[in-house]
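J.: Residue strings, one per chain:
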Amino acid sequence: MSTKKEIWVYAEQENGKLAGVVFELLSEGRKLAEKSGYTLCALLASADGKPMHQELFNYGAQKVYNVEDPKLDIYQNDYVAKVVDTLLKSEEPEIVLYGATTIGRSLAPTVAVMGWAGLTADCTELDFDTERNILLQTRPAFGGNIMATIICPDHRPQMSTVRSNVFKKEKVGESETGEVIDLSVDLSGVRERMKRVESVVEQVNTVDLKAADFIVSGGRGIGDPKNFDIIESLANTLGGAVGASRATVDAGWISHHHQVGQTGKTVCPLIYVACGISGAIQHLAGMQSADLIIAINKDPDAPIFDVADFGLVGDLHQVVPELNKQITALKS
Amino acid sequence: MNIVVCIKQVPDSDKVTIDRETNRLNRAGVPSIINPFDENALEMALQLKDAHGGKVTVISMGPPQAEEALRTALSLGADDAILISDRKFGGADTWATSYTISLAIKKLDEQPDLILFGKQAIDGDTAQVGPGVAHFCDIPMITYAKSCEVIDDGFKVQQVTDHGYNVWEVEKPAALTVVKEANELRMPNLRKKLAAKKAEIPCWGFDELNPDETKIGLNGSPTKVNKVFAPPVKLNKEILSGEPEDMVKELIFKLREKKVI
Ligand SMILES: Cc1cc2nc3c(=O)[nH]c(=O)nc-3n(C[C@H](O)[C@H](O)[C@H](O)COP(=O)(O)OP(=O)(O)OC[C@H]3O[C@@H](n4cnc5c(N)ncnc54)[C@H](O)[C@@H]3O)c2cc1C
Ligand SMILES: Cc1cc2nc3c(=O)[nH]c(=O)nc-3n(C[C@H](O)[C@H](O)[C@H](O)COP(=O)(O)OP(=O)(O)OC[C@H]3O[C@@H](n4cnc5c(N)ncnc54)[C@H](O)[C@@H]3O)c2cc1C
Chain A
1 MSTKKEIWVY AEQENGKLAG VVFELLSEGR KLAEKSGYTL CALLASADGK PMHQELFNYG
61 AQKVYNVEDP KLDIYQNDYV AKVVDTLLKS EEPEIVLYGA TTIGRSLAPT VAVMGWAGLT
121 ADCTELDFDT ERNILLQTRP AFGGNIMATI ICPDHRPQMS TVRSNVFKKE KVGESETGEV
181 IDLSVDLSGV RERMKRVESV VEQVNTVDLK AADFIVSGGR GIGDPKNFDI IESLANTLGG
241 AVGASRATVD AGWISHHHQV GQTGKTVCPL IYVACGISGA IQHLAGMQSA DLIIAINKDP
301 DAPIFDVADF GLVGDLHQVV PELNKQITAL KS
Chain B
1 MNIVVCIKQV PDSDKVTIDR ETNRLNRAGV PSIINPFDEN ALEMALQLKD AHGGKVTVIS
61 MGPPQAEEAL RTALSLGADD AILISDRKFG GADTWATSYT ISLAIKKLDE QPDLILFGKQ
121 AIDGDTAQVG PGVAHFCDIP MITYAKSCEV IDDGFKVQQV TDHGYNVWEV EKPAALTVVK
181 EANELRMPNL RKKLAAKKAE IPCWGFDELN PDETKIGLNG SPTKVNKVFA PPVKLNKEIL
241 SGEPEDMVKE LIFKLREKKV I
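Protein chains in written order, with our numbering: chain A, 1 to 332; chain B, 1 to 261.
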C-alpha cells in the first residue's frame, strides 16, 4: 500500500458554516498526526470554501483540499459522495475522520462501500499503533455494554465516524496558515435523484446542553415533576443547564430536548451532576466523558457510582438544596 | 408497490453483559428479538401497503435461527420472507453484510420500489448497512426517515436532522432508514401467526447468491474486531455518606482542592 501519509478530516458544512464536530475532529486528528508523523488535512466540499479556510487552519489543519461547485451548496449525498470518493482515490490518504452527524452517517458508509474501505462507527477513542502503523479505533457496542477496538489492517483508507462532543476542541491559534489545494470534480455525470424541498431548524428552547460547562440532571429519583425546580436552581447557581434521564422524559416530566444518553444528547461538560439517576448503560453512554461526574443517589449500589468521581449517598431532596446553599455562599 | 424490509435478529442488548474477567459476552439465556428500529421500518412498510396495496418482503441475514425473526414479521403482515444464511457469510462487517444483502435484493423476481432499514441495529450499533446496501443497489438513500408519503414518481420523506428536519422528494426506487418516532407498532394477527408458523421460508446461501468470494464473510470485511473489553470503571472515585451538610462540605473542599470551582 503506497498511500499518502495524511490524516483527513471531512469538513462538514452547511450554508458556509462548519459543523462543530469538525473542530473536535481536527483537535483529535492533531494528536494522531503528532504520534504518527502524518500530515493533518481537511477536505472541504462546498459552494464557496474560502471563508472557512482560516478556521480550519486555526484548529490545526496543515492542508485544505478545497472543492467548490454550486451543486455542493446544500448537502446531497450523491454529489458529496462522488467528490469524496474521487479525492480518496486520487490522493490516497491513510486515515479519514467524519462526524457521526446525520450527514456523516450517510456520507461515510456510502464512501466506504464505493472504495471497499473499512469504516468504524461512533468511535470514542482513537489511537495510532506506531508498531503496526495502524489506527486503533475504540467504540461502544451492544448499547454501551461492551467496548471494542476495531482495526482495518489491509484496506485503505482507514475511516472512522465520531459523535459530536466526544473529543474536545482545542484551537492552535488565531491566524495559523496552511496550504490550500484547489481541486475540481466533475459532477455533470451524477444525476439528481432527490431534491430537498424544505429544511427546518427547530428552536430548541434555551437548553444548549451540548455547549454547557455545567449540567445538573434529574432522574426518576426526584419523585415528582415539580422537583425539577431544585435541579434547576442548582443549575442556575452553577450557570449551567438542566439534563434529564429518559425515565423522566418518558413520564412527561420534562421535554426530550433535555434527555442525555444513547437516544438523547451526548454531553461533555466540565461537571455533570446526576441526581436520582440509577446509571443505566444508555444514560452513561451520553455523559461518561464529562470531565468530572458527581452522583447523588440514596442507593449506595446504584451503578451511577461506578462512573462517578464523587458519589454522595443520600436523599437528593436534602443533598441538592444543601449543595446549592453552600455553593451560593461560596460565590458571594 | 413492492417494498423490501431488511430486519436483523439481535440479542436484547439491555440484557447482554460482559464478563469482566474473561472479556467475553454473557449471552447465555439472552433472548433474541427483532432489532427494535426494524420493527418501525416494517410498520412503515405495512402502512404503505395498507394504503396503496402491493407486497412487503422481509429479508434477514444471519444464522438459521434468524428465521424466527422472519416468522414474526410474517405474523405482523409481511407477505414474503427470505433468509440469507451460509457459514461462508459469517464474520461479515458492514461492508460485506451490505454487499451480500444487496445480491439477495437484486435476485428478487420483482424489484422493489422502496427498501427500508432500521435506523441502526442495537448490537453492532453502526447504522452503516442501510447506506451500504443502497449504494450497492445504486439507488438514492435517505437516513433517519420519520415519514414517507407516496407522490407521483417517488416519495416525499421527512428526515430528522441534528437541528430539526428536512423534507426530501426522492424518485423511486429509494432506500430509507427509519427512526423510532415514525409510528406506533401493530400487534401480530392470530390468523397470520398461524400461517406464519407454516410458511416456507427460502434460504439463500453461497450457491444461490453466487457472490464474489473475496467480498463476503470475514475475508471480505475491511474491519476486524481487534479486542473486546468491559467499559472502564473510574479508579480514584470517592464515595461520601453521612449527614448532607457534612458530605457537601467535604465535596466542596475537594472540588476547591482540584480547582474546579
Ligand atoms: C434502546 C434504549 C435507549 C435508551 N436511551 C436512554 C437515554 O438516552 N437516556 C437515558 O437516560 N435512558 C435511556 N434508556 C433508559 C434506561 O435504560 C433507563 O431506564 C433510564 O436511564 C432510567 O432512568 P433513571 O435513572 O432516571 O430511573 P431509575 O432507573 O428508576 O433510577 C432512579 C434512581 O433514583 C434513586 N433515587 C430514588 N429516590 C431517591 C432520592 N430521594 N434521593 C436520591 N436518589 C433517589 C434510586 O436509587 C435509583 O437509582 C434507554 C433504554 C433503551 C432500552
Ligand atoms: C463489537 C462489534 C463492533 C463492530 N463494529 C463494527 C464497525 O465499526 N464497523 C463495521 O463495519 N462493522 C462492525 N461490526 C460488524 C457489524 O456489527 C456487522 O457487520 C453487522 O452484521 C451489521 O452491522 P450493524 O449491526 O451495525 O447494523 P446497522 O448498520 O446498525 O444496521 C442498520 C440496519 O441494517 C439492516 N441490517 C443490518 N444487518 C442486517 C442483517 N444481518 N440482516 C438484515 N438486515 C440487516 C437492518 O435494517 C438494520 O436496522 C462490529 C461487530 C461487533 C460485534
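Everything labelled a hint here was simulated from the structure, so no lab data went into it.
Hints are supplied without guarantee of correctness; some may be wrong.
Computed footprint of chain A on chain B, listed as stretches where at least three residues anywhere in the stretch have a Cβ under 8 Å from a Cβ of chain A [as the list claims (entries may be wrong)]:
{"hint": "1", "region": "120–129"}
{"hint": "2", "region": "205–213"}
{"hint": "3", "region": "243–252"}
Far from chain A, some chain B residues (derived; all Cβ distances over 10 Å) [stated by the list, open to error]:
{"hint": "4", "residue": "T22"}
{"hint": "5", "residue": "N183"}
{"hint": "6", "residue": "R186"}
{"hint": "7", "residue": "K227"}
{"hint": "8", "residue": "E238"}
Here are some of the chain B residues that sit facing chain A, going by a computed Cβ distance under 7 Å [what the hints assert, rightly or not]:
{"hint": "9", "residue": "I18"}
{"hint": "10", "residue": "C137"}
{"hint": "11", "residue": "T143"}
{"hint": "12", "residue": "S147"}
{"hint": "13", "residue": "L240"}
For each residue, glycine too, the CB sits at the ideal point set by N, CA and C.
J.: Would the least Cβ to Cβ distance between R186 of chain B and chain A come out above 10 Å?
T.: For R186 of chain B, whose nearest Cβ neighbour in chain A is about 21 Å away, the distance exceeds 10 Å, so it holds.
J.: Can we trust that N183 of chain B is non-interface, i.e. its beta-carbon lies farther than 10 Å from all of chain A?
T.: holds (16 Å)
J.: Can we trust that T22 of chain B is non-interface, i.e. its beta-carbon lies farther than 10 Å from all of chain A?
T.: At roughly 12 Å from the nearest Cβ of chain A, T22 of chain B sits farther out than 10 Å, so the non-interface label holds.
J.: Would you check whether I18 of chain B satisfies its interface hint, that is, whether its CB is within less than 7 Å of any CB in chain A?
T.: OK, holds: I18 of chain B within 7 Å of chain A, min 5 Å.
J.: Does the CB of S147 of chain B sit less than 7 Å away from some CB of chain A?
T.: Cβ of S147 of chain B sits 12 Å from chain A, so the hint is violated.
J.: Should the interface hint for C137 of chain B be scored as holding, given a Cβ-Cβ cut-off of 7 Å against chain A?
T.: Result: violated, 11 Å to nearest chain A Cβ.
J.: Are three or more residues of the region 120–129 of chain B within 8 Å, CB to CB, of chain A?
T.: With 8 residues in contact (Cβ-Cβ under 8 Å with chain A), the coverage given for the region 120–129 of chain B holds.
J.: Under a C-beta cut-off of less than 8 Å, do 3 or more residues of the region 205–213 of chain B approach chain A closely enough to confirm the stated coverage?
T.: violated (count 0)
J.: The hint names T143 of chain B as touching chain A; please verify it with the least Cβ-Cβ distance against 7 Å.
T.: With Cβ-Cβ at 5 Å, under 7 Å, it holds.
J.: Taking the minimum C-beta separation from K227 of chain B to chain A, is that value above 10 Å?
T.: Violated, since 5 Å does not exceed 10 Å.
J.: Within the region 243–252 of chain B, is the number of residues with a Cβ closer than 8 Å to a Cβ of chain A three or more?
T.: Result for this restraint: holds, n = 7.
J.: Quick one: work out the minimum CB distance from E238 of chain B to chain A and report holds if it exceeds 10 Å, violated otherwise.
T.: violated (5 Å)
The structure shown violates the earlier hints numbered 2, 7, 8, 10, 12.
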